Every structure is written in structure tokens, then in C-alpha cells.
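Student: This is what each chain is made of:
Number of protein chains: 2
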Amino acid sequence: MWEPEAVKKFNVLVEVTLQPGILDPQGTTIERSLPHLGFDGISGVTVGKAIRFTCEAADEGAARGEVEELCKRFLTNPVIEDATITLERA
Amino acid sequence: MWEPEAVKKFNVLVEVTLQPGILDPQGTTIERSLPHLGFDGISGVTVGKAIRFTCEAADEGAARGEVEELCKRFLTNPVIEDATITLERA
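Taken in sequence, the protein lines are chains R and L. Each residue of the first sequence is one higher than the one before, starting from 1 at the first, in the working numbering. Each residue of the second sequence is one higher than the one before, starting from 101 at the first, in the working numbering.
Read the hints as simulated data drawn from the structure, not as lab findings. Small disclaimer: the values here were computed from a predicted structure and weren't measured. We put the CB at the ideal spot given by N, CA and C, even for glycine. Some clues are possibly wrong.
To be verified - Below, a list of computed lysine-lysine pairs in the BS3-like style, where the Cα atoms sit at most 30 Å apart: (1) R/K49 - L/K109; (2) L/K172 - L/K109; (3) R/K49 - L/K172; (4) R/K8 - L/K108; (5) R/K49 - L/K108; (6) R/K8 - L/K149; (7) L/K149 - L/K172; (8) L/K149 - R/K72; (9) R/K9 - L/K149; (10) L/K109 - L/K149.
Said to hold, decoys possible - With beta-carbon atoms standing in for the labels, derived distance ranges: (11) L/D182 - R/L87: 18 to 24 Å; (12) R/R32 - L/G165: 19 to 25 Å; (13) R/T86 - L/P120: 19 to 25 Å.
Next comes chain R alone, as it looks inside the complex (with noise of 0.2 Å):
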């Protein structure tokens, strides 16, 4: 009897961030703001998106190389952005 292939399902999480060196106004505002809100010790702030999903895929292998395209091809700007992924097996 046929037996389909196992699909395995994957939940993503894509972190894009701005790469080193660009200009990061919404982590700048955020930052100035903070001392006349009364935090203080708050340093570095950079804003990025994090973008979450499911992926069908055969195995984890598949699901980071089809992530790895989508996230080159269209999720980030490759020119200013950076993308950290994180997959775990739903």
C-alpha cells in the first residue's frame, strides 16, 4: 500500500534587524525618550520586526532552506536588513 511522504509541520520565527551601521530612527526616538519617562540604565535600542509562521515541510533541513529563500527573496531587504531564524519542530 502507497504511503504518503511525512510532512512535518515547523514553527518559525524570523527576527529582521536593521544591519550595523544603519541609521535606526524608531530605536533613536525610543531611546531619547526614555530619561524623561524617569528609566533610566536603558541603552542600545534597536527596533526590528519579528515575523512568525507555520512551514510544511519533509524535514528541518527542507523548512530552513525554503526559509532561507523567502526570507532573501522577501521578507528582508538584503541591502540594510539582517534575518536570524529560529525553527523548532510544532
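Since chain R is already given, all that's left is putting chain L on it; use the hints.
Tutor: Below, chain L without anything else, positioned relative to chain R:
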């Protein structure tokens, strides 16, 4: 001789997500575009913010308290957004 209180540094990640049931137009737009770009098997796309910074505090409890207060008052809209705080010693 007087010893200053030791100040510890923590690397903080605040992930800001829309609460369940709140419309996520960015996520929907990404998800709808994927089949046209040749990406299959991806679902449940959500887009949030990833805010990173360094926090100085006496201990981890004090740091977490300050970050929670910061999330409530400034980094999120608590009516429609949730914050997940990850904190580790720098």
C-alpha cells in the same frame, strides 16, 4: 572603604505581538503573496516588533520589573498588543 553597589547588565528582547483576534494586515498580505512567489506550506503569518536593548540594574528581578513597566507604559499598546520579555545577563 565604601563599595559601590554592583550594577549588572542585561541584554533584553521584547517581542511585541498583536493580541489574538486583532487584525494583522501585514501578516495577511505576506501570506497571500506567498503562493504567487512559489512558496508553499506556509501559514499563520503574523508580524510583530522585536525591540532589543541593554538594561542596567542591581539584579535580574529589578531589571525585569523595569522592563515590564516600560512595556506597559511605552513600548506596547496594552489594549491590542502583548509583550514577551526575554532577559539574559550581558
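Student: Which hints, by number, does the structure contradict?
Tutor: Violated hint (a single one): 4; every other hint is consistent with the structure.
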